[in-house]
Amino acid sequence: MTTSITRRKLLKTSASVGVLAGTGMLAAPAIAQSRLIKIGSYGGYFEDSLKQHVYPVFTEATGIAVESVTQPDSTSWLQTMSQALSAGNIPADLSMHTPVNIIKAGRLGGILAPIDPGRIASIDNVGESFLSRQGDSLLGVGALSFFYSMVINTDEITEEPSSWADFWDSSRFEASLGLPKSVNFHFLEVVAATFLGGTDALRTHDGIIAAVEKAAELHQNVALWYTGESQMEQALKNFDVVGGMYFHDVAGLMAADGHPVKSIFPREGNVIDFNSWTLAQGSDKQDEAYEFMAFSCQPETQAIMSRMIGTAPVVDAASTGLSGDELAAVTGTPAIHVPYEVYLDDETFINEAWDRMVSQA
Amino acid sequence: MTASTLPQRSVLRGIGVLHVAAVLVLAVVPFLLVFAISFGHKVEGAAWVWGFELTNYRRFFVGTDYPDSVSLLYLKYLWYSVWYALVAAILAVATAFPFVWLMTRGSRRAQTVWLVFFLCSLTFSEVFIVMGWDILMSNRSGLPMVFQETGLTDWLKENGGLDLLREWGLATPRNVRFKPSEFATILTLTYLVWPYAVILLYPPISKIEREVVEAARTMGASPFTVVRTVVMPMVRTPLVGAVLLLFVFLLGAYVTIAVFADPSKHTLSISVYEAVRGSTLNAPFGSAQAVVLLLTAAAVLVIGQRFLSAKTGGH
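Line by line, the protein sequences give chains A and B. For the first sequence, this note's numbering begins at 1 and goes up steadily by one. For the second sequence, this note's numbering begins at 1 and goes up steadily by one.
Simulated from the structure, these hints should not be mistaken for laboratory data. Glycine residues also receive a C-beta, built at the ideal position from the N, C-alpha and C atoms. Treat the hints loosely; a few may be bogus.
[Unchecked claim] Stretches of chain A that chain B covers, calculated by requiring three or more beta carbons in the stretch to come under 8 Å of a beta carbon on chain B:
1. 73–79
2. 234–243
3. 337–347
[Claimed, not checked] Now the stretches of chain A that chain B is said to cover, found in silico as 3 or more residues with beta-carbon under 8 Å:
4. 99–110
5. 171–181
6. 221–227
The following block holds chain B by itself, in its conformation from the complex (with noise of 0.2 Å):
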């Protein structure tokens, strides 16, 4: 041991503590104190003083007024957050892994074109691209305006697809609605996440050799065998982990549910706010909805993981 690793070391153990005493105040303490007020007690008509008790979390199973009614308002937020976040974040990797494929088929200056242009795409922010969806399926400035000044409105009242679009809440007696709709949200979220789908796809498929393919296609496989069979098996851990990323990055989304998802089909995120940022002033029960849905993301990142270690365990 030389005079001079001494010093190093210590200094590396220094940023080591500091490194993790960053850690704790910046992602431990919050998430400590956000528990502890979970369990907090609301005065009626005031704020809210800290106490123990599981009203909150009684609350959010059963409703507030348990036991003479039983409601499950906060269940069925839940159910929609990870409801829209696993379909969005699904269709995300579903259609990003064609692109993805084709695009690492392409030669290497498109690719950087495309990737400089995805990561580009990841400057919008949310309100953002939620603005520019807003106003495309506007009545008067979007999409059913285009259906009503080409006439396609009127040829869809002849033939009564109005009326099955009004069933699926898609339509009003006068023309096509898009919003508020599941339809708009999940296209939504599935857009706003799509542009990371593509940079997390794109290193694993980058990295199937294209003799791989060769080989199975001179053996007689179709070119959909070959992806199906061949490159599939290949990138099943980074579809899986970036669907889960994306899961988790969705279940907190805010403004695309408050602006496209009819309140009947609201998520969490937007309870959580309302309780704590409204007009009731509950940080109590906001943080136990919030804790709910913390336990409930760990929950479908083991299950995802389990489902992986199984798939690879079985090779």
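Chain A extracted, bound-state conformation (with noise of 0.2 Å):
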């Protein structure tokens, strides 16, 4: 359980210790082999699960070693390559990033590199939702994605809620939710998309202000704005909340340690977010590169994924092979597309915003 709560942890881009960022390449294994690739990704359970279930099955079929890079998350990762590049080292040949970060090193330049689509045969499994472009230059292909979903406490809430206004009822939810503290969280987009129509609402600063007062409707129901993964799932296990947003996998694993926790697809969905491999600027392996691209897009890849990490694939569910189940445990419908532009666009004015609502200032 704790090793879970680890990985997803470092999959979110604030709050983590840089200092981790070399770690990986100190520790080079000195492997005698004639094709090698280096590979950057959340250090942790994440990146310990790719090492045992995903890496092996790639040198075997195609004996091109890998050698694992721990990053420490997605943005001191992109100072740490930017400052690296700028040295004239590479610190990993594809590294794990964010939506918004792969953006993000767009506009700064000279990171990443062109990804030409052409090379991966294996890219149009990919849902062009999960691909990451700056003008015509494809810069990140999605590797993962995963679900931010309503939680409840199925002890204590007997009344299932159908929808996330639900949340909103004082009567039923007083001082009871647990609520991510990060914009980054994207509850704003389940406001967006719950009473304002939808996230496309998100991108003016009217809409942005609309979907912050409304959430700041929910006070009186919020029982811990949580910066840390494992503060809200100390609060689920402790009873402390007994609802609020969470991820989907972590909320089914809490479930199957027999905690009364339950994952919920209210009506208007779940936000789903993903995360993509990147190559670096300068990078004298883009053979290897890309053959590991075009590996992470195979529906094989994407169920080992999800049966080990606990991932939700990238590509077509039904192309993974993956059971019922299987499925349910890591995906579910409708999703909640983030409008990512408007975190960098407006980066400032968005994080101030619900800061301030979040604040009660």
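Fit chain to chain and form the complex, with the hints in mind.
Here it is as structure tokens:
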């Protein structure tokens, strides 16, 4: 249980320890193999799972050895890459990044190399929404996706909510909910999807303010604005909160551990987010990198990741061969999509508007 | 002047120069860097670049959307930084004082044991202490469970006490709830610096001669009057000094606030961290907030100093 939490904690871009950034490079194993690629991923359970379940399959299929590089997260890894590249080093040939940071890297320039989709035969498997483009060039290929979903405590909440709007009902949820404190956990998208006709409403300042004001009405019902994922996990286990927003797959793992926790897909759906493989500028392991991305886009690889790591596939679910139960553990419908550009073009505005709401300032 | 003193002098001078250089490199340069970065320019959707603009300071006082709207968000953070640190520092010193007073009245051996005990407790980090209190105040493993199991919760529900606690933010409709709350935050911060308060107050209080107290007692003063009119004036400076020191120490508290304070009552240390290390990578704004926090700490220290010298000057 704890390990899966560590993994997801590191999936988030915020609040992590940058000191760890370089450790993966220092611990480079001396493998005398002709073909080798350095692949970065978020350290902890997640990286361990990739090393245990995914990389060996790739090496067996292609003969290319993988040297795993530990990333603390996406945001500070972008900084690390930027500094290393300007010093002439390639910290990792392939790195994992969030959609927002890929756009950010595209704007900063000189960090990520454009990916030629023509060299990835299996790329057609991947849904268009999981491909990050900057103008005409492709900078990120979806690696995995996951859901922020509605969770409840089944001991305390007997009447299952059918809509996110139910959370606004104080007669049912006074001082009961756990919601993320950071705007980057996309609760605003839930508000927009529930009350403003969709997440496109967030593309204007007025829309952001409307969503923030609607969220402010929840204060009476929120018992915890969690800053770390483990904080919410503890609060759910302790009954400090009896509902809220949390990770779909982790809630499923908690339920499997015997906790009265359930993840629900209400009428409006849950927020889907994803992470992508990106190619470092100047990497001389292009062939190997393309082979790995092609491997990652195969339904079989996506199925391994869903079973072993709990991520949702970025390819058509039907092609993965996952059973109904296996799919339900990692995914659901409908999905609320995030307008990522808003978090860049209106970065300061959306952050401060949200923080003011949370702080009641 | 003998021959041997010359090289000794130059060695001493060398050490002095090294000392100054070390202070410059380790303390002044980082500060100047933070100060310089605080004027930098944040690029939306990217990182930041060097520059000279007052945008970050303006944002601190009126928000990013000014003049379309005014936000006092960061002033509120600053207020809570000062509020928590001041209240917890005063509480720690106020409660440590009677304890140290009684301790110094005890035997030498007992005093030593207490002091060693407090010195040992200083090895607990903030994280460790916060974890402990977190468990103590958790719904299913701490005080709320005790309330529930002993029937205290039901009793509170019957006589309306729980409704009152709900108004104070210390209960849900189901049970009492101590976190997040100002109560838990200040309690933990006070606990955090309590050993320091004891260790800071011990030397001045232990120096107070028993004869002075006994003289006052024989002249008919009650024990309370003795403490108020004889002991307190003698240790006023160390008392205020201890409050100021603990105040500055607590201004930077992070873990306690992050765990126990409601986000509507968060402090600048949280906001600085989120600006610098969070997803926005806005080091200039984080630096501006840090500079304001530093200036505030300096202002409080100056006021404390004035207060002390005015008092002692009046004698």
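| Which numbered hints fail | none
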